[in-house]
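Student: As a plain string of letters, each chain reads:
Number of protein chains: 2
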Amino acid sequence: MKKLSPAKVKDVLPEGWRFSGKTLSRKFEFKDFKAAWKFMSKIAKKADATDHHPDWSNVYNKVMIKLSTHDVGGVTNKDIALAEYINKTAE
Amino acid sequence: MKKLSPAKVKDVLPEGWRFSGKTLSRKFEFKDFKAAWKFMSKIAKKADATDHHPDWSNVYNKVMIKLSTHDVGGVTNKDIALAEYINKTAE
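Keeping their order, the protein sequence lines are chains A and B. Each residue of the first sequence is one higher than the one before, counting from 1 in the numbering used here. Each residue of the second sequence is one higher than the one before, counting from 1 in the numbering used here.
So that you can see chain A by itself, here it is in the shape it has in the complex (with noise of 0.2 Å):
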């Protein structure tokens, strides 16, 4: 896995995501804390089966998000990736 250039990162980044120049950040927000922990839930499986896990917290209703992929410190095609899935599930 490569880092990106920053330039690539802004390129490809999925709807939403922000990033700061070695992570990509988002914010999600849910009905309720059954909600965001359904939410939570299906990203936890994702994380496990490819071995790239987010750094987050939640709060009731709240969900924050951070990727990156620490090997390389910084964003790659993993993260990348991830945040797709992420958008898509939280669809």
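It should be emphasised that the hints constitute simulated quantities derived from the structure, not laboratory data. Watch out, some of these pointers could steer you wrong.
For chains that are exact copies, the list does not tell them apart, and a pair is met inside one copy or across any two.
Calculated pairs, DSSO-like style, for lysine-lysine (alpha carbon to alpha carbon, straight line, at most 27 Å) [unchecked claim]:
#, residue 1, residue 2
1, Lys22, Lys78
2, Lys2, Lys34
3, Lys34, Lys10
4, Lys3, Lys62
5, Lys2, Lys62
6, Lys38, Lys2
7, Lys34, Lys8
8, Lys31, Lys8
9, Lys27, Lys8
10, Lys46, Lys78
11, Lys66, Lys45
12, Lys31, Lys10
13, Lys8, Lys38
14, Lys62, Lys45
15, Lys46, Lys31
16, Lys22, Lys34
17, Lys3, Lys38
18, Lys62, Lys42
19, Lys66, Lys3
20, Lys10, Lys38
21, Lys88, Lys8
22, Lys8, Lys62
With chain A held as given, fit chain B onto it using these hints.
Tutor: Chain B alone, transformed into the frame defined by chain A:
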């Protein structure tokens, strides 16, 4: 639910938890993401059942939890009970 006095909180503080004056907090570390997620899933079920939710974050095998009762701006017996449940679950 009444806010507990600081003295009372210190009196009944479950093992391993810190009391900041407004919240309880504790960090947990597991073997891997799968184990951390299993732990979180049990807590989520309890939170949903009791309608009392943690503020928490997760990075791979680490889980950081904060507990407080927003309605009263402090720590109540609900937080003590949830902290005790969390400790039992982590064992």
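Student: Which hints, by number, does the structure contradict?
Tutor: 3, 6, 7, 8, 12, 13, 17, 20, 22
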